[in-house]
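J.: Input sequences plus hints: build the corresponding full structure.
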Amino acid sequence: MTREKRRRILNRILAVVAAVAIFLACRSAYVHFTSPETQPEGPDTAPTGSNDFVQTSPDKPLYVLLIGTDGENPQQANFVGVAAINKDKKHIDLIMLPDDTKIEGRKEKGIQELQDVYTEGGISLVRAVVEDIFHIPIPYYAAFTPESFAKMIDMNGGVPLYVEKNMYHGDAAGETDINIFQGYQTLDGKDATGYMRYLDSNGYVSRTQRQERFIKNFYEDRQKDFGLSNAFFMYRLWHNVDSNIPAKDMAELAFDFRSVTADNINFYILPGEMAPGGKSSDNKYYWTYDPVEVQKVIGRTNNAISAAPKPDDT
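Quick note: the sequence shown uses the numbering used here, first residue 209, plus one each step.
No lab work stands behind these hints: they were computed from the structure. Hints are supplied without guarantee of correctness; some may be wrong.
With a straight-line Cα cutoff of 25 Å, these simulated BS3-like cross-link-like pairs (lysine-lysine) come out [claimed, not checked]:
id, residue 1, residue 2
1, K504, K298
2, K295, K317
3, K492, K298
4, K504, K317
5, K398, K295
6, K268, K298
T.: This is the structure in structure tokens:
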């Protein structure tokens with residue numbers, strides 16, 4: 209055997225040993241950082257109404273309220289959704305609620321938009337209102353500020369996306385806060401936040417559709433990484449998110465979903481239609497949800513109602 213061949217064999221052996229050592233080190237670090245003893249005290253370590261982010265039945269997903277706020281004063285919610293996470297079946301249903309969803313029946317408040325409910329009562333009031341819409345308890349929540357959302361995107365190295373149109377917006381002071389050009393590009397944290405917030409003449413439903421598209425692209429981009437990498441990513445990120453789900457549980461979820469493609473995520477928009485407020489003096493239109501159709505969507509998340517077959521199903 210020549211010296212060159214021996215050197216190649218030795219290099220391969222060393223590479224394998226190094227890879228195994230790195231894997232074991234990463235696995236050890238993962239176990240360490242996700243163990244209860246290493247969790248910091250704070251609101252993200254004590255879920256309301258539950259000790260752990262644990263699924264009790266294959267037909268009972270974990271419902272999580274997702275909120276994204278703007279940077280205005282007072283703050284509004286410009287992203288509201290409910291994720292039904294089925295850890296056993298490796299499936300997620302994401303139901304988005306347009307910001308102008310009609311909220312009524314709250315005593316003297318009259319008709320409100322969903323985004324204004326956050327301004328009035330924060331996460332707890334939004335959760336109560338959304339629970340009333342869906343008629344289910346939603347024990348978990350996660351709220352993103354513009355800063356925490358932008359940091360998540362920057363930690364990912366941006367998100368590749370085709371931007372369907374030029375997007376421009378000036379803030380109250382006349383400064384440009386959204387300036388994105390049409391075309392395929394990798395959005396950094398600032399531009400991704402602008403993409404999620406941008407509102408055009410097509411209204412809130414159009415923005416909600418765009419938000420769902422972005423989420424799907426982000427998920428697909430993350431799935432290109434290894435499971436342990438996604439677990440570390442989520443663990444680091446989650447300490448910047450206002451949530452009652454422990455960071456260790458989110459890291460474990462990311463690892464468990466390492467082989468789950470975006471095809472296993474169903475995206476919905478709260479069933480309804482644009483309709484006037486209902487008062488002769490109110491010419492404003494709201495996204496008015498259909499209670500019957502809403503329950504059908506919820507039924508699909510917990511298998512109470514079978515999902516509609518795809519066109520190619522036989």
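J.: Each hint should be assessed against the structure and marked as holding or not.
T.: Checked hints:
1. The suggested pairing of K504 with K298 holds, with an alpha-carbon distance near 21 Å, which does not exceed 25 Å.
2. The straight-line distance between the Cα atoms of K295 and K317 is roughly 38 Å, outside the 25 Å bound, and the hint therefore fails.
3. For the hint pairing K492 with K298, the CA-to-CA distance comes to about 41 Å; that exceeds 25 Å, so the pair is violated.
4. About 28 Å separates the Cα atoms of K504 and K317, which puts this hinted pair outside 25 Å; it is violated.
5. Between K398 and K295 the CA atoms are separated by roughly 32 Å; this puts the pair beyond 25 Å, and the hint is violated.
6. Of the supplied pair hints, the one linking K268 and K298 holds, its CA atoms being roughly 13 Å apart against a limit of 25 Å.
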